[in-house]
Amino acid sequence: MADKIARENRLFHWVDERLHIQTLVDYMSHKVVPQHSHSFWYYFGGISLFFFVVQVVTGILLLLYYRPGADSAYESVKFIISEVSFGWLIRSIHSWSANLMILAAFIHMFSVFFTHAYRKPREMTWVTGIFLLALALAFGFSGYLLPWNELSFFATRVGTGMAGAIPGVGDFLMKLMRGGEDVTGATIGRFFGLHVAVLPGVFAVLLSLHLFFIQRQGMSEPLEWAANPQFKKYRPFFPNFIMRELLVWLIMLNLLAVLAVFFPDGIGVVHWPLGQKADPFAPPPPVIRPEWYFMFAFQALKVLPAHLLFIEGELAGIIILTAGGIVWTLIPFLAGKFSSGKKPTLIIAFGWAVLAFIAVLTILGYILE
Amino acid sequence: MDEIRDDRRNFLNWLIGGGLVAFLGSVFYPVYRYVIPPPSGEANVSQVKLPFKLKELQEDEKKSRIFKFGRNVGIILITPENELKAFNAVCTHLDCTVQYRKDLSIIWCACHNGRYDLEGRNISGPPPRPLTAYTVHLDNATGDIFVAEAKG
Amino acid sequence: MKTNSGLRNVLILLPLWLGVLTVAALAADQCLECHSSWEEGLDAPSVQFQQDIHSKAGLSCASCHGGDPTLDDMDAVRKSKGYKGVPGAKEVNQFCASCHSNPAYMVKFNPSLPTDQLDKYKTSVHGKRLFEQGDTKVATCISCHTAHSIQPAAEPTSAVYPINIPKTCANCHADADYMSGYGITTDQHEKYIRSVHGRALLDKKDISAPACNDCHGNHGATPPGVTSLSAVCGLCHTLIADNFAKSPHKEAFDAMGYPECETCHSNHLIEKPKMHWVGVSDSSLCVQCHAPDDGTGGYVAAARIYETLVNINSIYNAALARIDTADMKGMLVTDERFALNEVKQAIIQTGTAVHTFDPEAVSKVAEPGITSAQNIAIQGEKKIEEYYFRRKGLGIATLLITILVIAIYLRIKSIEK
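Chains as they are written, first to last, in our numbering: chain A, 1 to 369; chain B, 370 to 521; chain C, 522 to 938.
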């Protein structure tokens with residue numbers, strides 16, 4: 001026993017001599033996580049992170065066999081799920097994890113919003129988080145096309161077509177995304193590059209910043225604590241909180257495995273059967289719908305009248321959604337000062353309105369199709 | 370009392386360690402199996418290497434063979450002029466598989482006596498359309514035959 | 522420059538002039554002038570004729586009916602030279618043949634059009650009755666081709682376009698009153714439209730499927746005779762006809778005066794063949810002639826062929842069921858489904874081989890199909906096993922994760938105590 005400890009110490013010293021990790025260990029051992037009735041929400045950031053790691057690992061594995069290009073993309077995905085051992089599992093986990101990551105990120109975002117964790121000094125954490133979510137959506141959009149099947153082809157054609165409605169730059173933007181007039185093999189090349197090189201690079205930088213901010217500033221404490229210090233209660237980050245996170249991650253991994261085995265092609269509106277290879281000349285399937293996390297935006301553009309005041313409805317929709325996104329990103333700066341003990345009712349109302357907007361339009365989108 | 374707690378702790382540590390190893394095994398087993406390349410090597414795309422060589426085709430009594438081409442059935446044949454030709458072998462009439470009739474120098478569908486010339490054009494009988502032609506590439510050194518979708 | 526523009530003006534005006542001339546020429550046809558001004562219904566010939574191929578070829582009323590089209594007085598037309606009036610049933614064939622049987626004349630319009638229609642017609646049942654017995658109820662040229670809206674057979678609007686032919690023939694042949702006294706049934710059309718051929722032609726618009734004329738002939742309309750039947754069917758069903766011709770049935774049927782294909786498949790109502798037609802059950806067609814002790818061996822052969830048919834079909838169905846099950850369980854079976862097409866082909870070929878009436882030949886054809894169906898069934902089974910393997914694997918992984926989760930949970934509890 002003593003030998004073992006001595007050995008562990010020697011290794012520690014060896015590393016410490018070179019990298020001075022003792023300070024890091026000290027820092028970590030003093031780190032605490034606030035403990036209260038809403039501590040539960042702290043896990044969703046970690047869950048999103050976990051799903052991201054799963055995405056990286058399964059994504060790299062898929063890269064072993066995936067071959068971009070109009071002649072090979074569909075064939076290689078079919079090859080992965082039919083010929084490669086456990087290929088079906090890797091693809092299915094990649095797809096499930098993608099959806100769950102975005103879901104977890106949404107929950108994380110709203111929990112941060114409603115607990116006002118974005119307030120000073122955490123403005124930059126909020127902003128990087130929003131950018132991370134935007135990147136995650138871009139990941140979803142670009143990855144959806146890669147199997148080059150009927151479903152993905154027509155959804156991407158509609159999706160990129162919407163960008164064409166932006167005045168002035170719309171046409172340019174659409175061509176830039178499609179790599180030509182229409183969605184073709186050239187589009188796969190672009191989306192593939194975006195999905196496996198550009199987005200991961202940018203994402204890694206932003207994620208590092210986001211995590212650095214969190215480690216530096218610690219977890220945000222509830223608003224009420226400022227006025228009532230007697231309620232303050234903490235839990236050590238290491239090992240208590242990290243063990244709990246580990247627990248949650250294991251459960252999430254198990255959830256992924258269960259979903260992948262029972263619903264390898266997804267279920268309900270979260271569905272990614274390989275189906276037929278994309279054929280630009282085939283009639284589009286009766287229902288072309290975006291992935292669920294784009295549904296509210298898609299539906300918002302659809303329900304708007306052809307003309308709103310003096311501008312085109314679709315353009316108006318894009319302007320409103322973009323403006324909404326900017327306001328949402330700048331919330332920490334627009335929310336004003338938080339006086340202790342007073343609930344910022346206006347902000348909370350705004351949050352509920354946004355949540356209701358997204359929920360109602362998403363549900364409408366599925367009902368009205 | 371302390372000893373009991375210690376025992377329990379040791380057991381827990383052992384359980385966590387063992388569980389972790391087993392768990393990692395159950396994660397890495399599929400990954401390990403996944404990275405081993407499957408026998409067919411790579412995904413077939415719009416060009417396929419035929420599972421037989423030129424010599425076998427030449428020695429074939431019918432001077433033709435049926436092969437699988439993606440979702441389709443293909444037919445490859447050696448014309449009297451010693452050319453290699455390949456087509457989609459699905460008759461354009463009612464989806465029967467066509468065959469090469471060396472004696473008549475035609476491609477023939479037995480189901481309803483549909484006939485195509487050696488360019489795949491429908492020349493008599495029910496077929497409403499010509500057969501889709503494929504491009505044939507021959508590796509002279511190895512005798513491997515490659516069939517690809519005709520461009521354009 | 523000036524001359525040039527003058528020339529251009531002339532060139533531009535040329536088409537216009539031609540148009541004016543054409544109108545003048547048409548206006549000069551006094552037949553149309555009068556007939557088109559008649560009340561609705563009576564003006565039909567003049568209206569229909571404008572779409573007629575003869576009108577498009579530049580012929581006028583007078584080209585067939587004679588008379589002088591420049592005269593605007595009916596009485597004068599009647600008295601004019603060469604006026605033939607309206608031909609009766611007996612004259613109408615001669616009427617058309619005056620041009621259509623004249624190769625030297627027809628070559629000016631359509632060199633590839635045959636000129637032997639009247640000769641053939643005279644050999645047909647219709648022609649014989651008309652010319653030999655003076656029966657004017659029979660079909661003449663205009664019965665099928667119409668009188669004034671004649672279209673080439675390749676035009677979809679033509680009465681003799683393949684898809685329209687069954688109806689054209691049925692105009693008379695399905696009319697029980699009209700056909701009374703001829704001693705033939707009038708249910709051919711009604712049967713034909715329910716047959717495989719009728720459904721292919723009329724429902725699927727497959728114009729390569731046989732209409733009435735493909736078996737009975739066009740101008741030389743004759744019912745195929747007992748021995749020529751396999752020649753008619755064999756036009757498309759070549760292999761089957763070959764097999765039949767080499768089979769013992771050929772001689773036997775000829776000797777007994779049985780029509781070849783029709784004996785089993787009937788004539789107008791040709792159905793998709795059923796398996797139970799073969800064999801020795803009560804519903805089998807074989808036992809209508811063959812008995813166990815008839816000395817031909819046909820009874821035993823029928824039983825064995827039936828066995829092969831049942832075998833390949835049941836193995837096909839079993840393979841399909843395996844694959845469907847695997848598919849329902851969410852496994853990818855597109856390749857297996859694809860391979861099943863091959864078995865389908867083998868089943869078709871087995872059906873063809875049945876017409877050799879040789880059990881050995883039939884099972885030789887069926888064999889590869891049976892083998893590949895068995896392989897597919899095994900593949901399907903493997904997919905189903907794979908499905909359960911996945912669940913088992915998941916079960917093990919879940920168990921391991923659960924143990925780990927519990928252990929970590931206990932550890933947390935012990936730390937926090």
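Read the hints as simulated data drawn from the structure, not as lab findings.
All C-beta atoms in this analysis are idealised placements derived from N, C-alpha and C, irrespective of residue type, glycine included.
The reader is advised that the hints may include incorrect statements.
[Said to hold, decoys possible] Pairs of lysine-lysine, DSS-like flavour, derived with a Cα cap of 25 Å:
id	chain 1	residue 1	chain 2	residue 2
1	A	K233	C	K934
2	C	K767	A	K232
3	B	K432	C	K885
[What the hints assert, rightly or not] Covered stretches of chain C, as calculated for chain B (at least 3 residues, CB under 8 Å):
id	segment
4	583-596
5	638-652
[What the hints assert, rightly or not] Which chain B residues stay away from chain C? Per the calculated CB distances, all over 10 Å, these:
id	residue
6	R378
7	D429
8	K437
9	E452
10	D472
11	P496
12	N509
Results of checking the hints against the structure:
no., hint, verdict
1, A:K233 / C:K934, "holds (17 Å)"
2, C:K767 / A:K232, "violated (101 Å)"
3, B:K432 / C:K885, "holds (22 Å)"
4, 583-596, "violated (count 0)"
5, 638-652, "violated (count 0)"
6, R378, "violated (6 Å)"
7, D429, "holds (16 Å)"
8, K437, "violated (8 Å)"
9, E452, "holds (27 Å)"
10, D472, "holds (13 Å)"
11, P496, "violated (8 Å)"
12, N509, "holds (31 Å)"
The structure shown violates the earlier hints numbered 2, 4, 5, 6, 8, 11.
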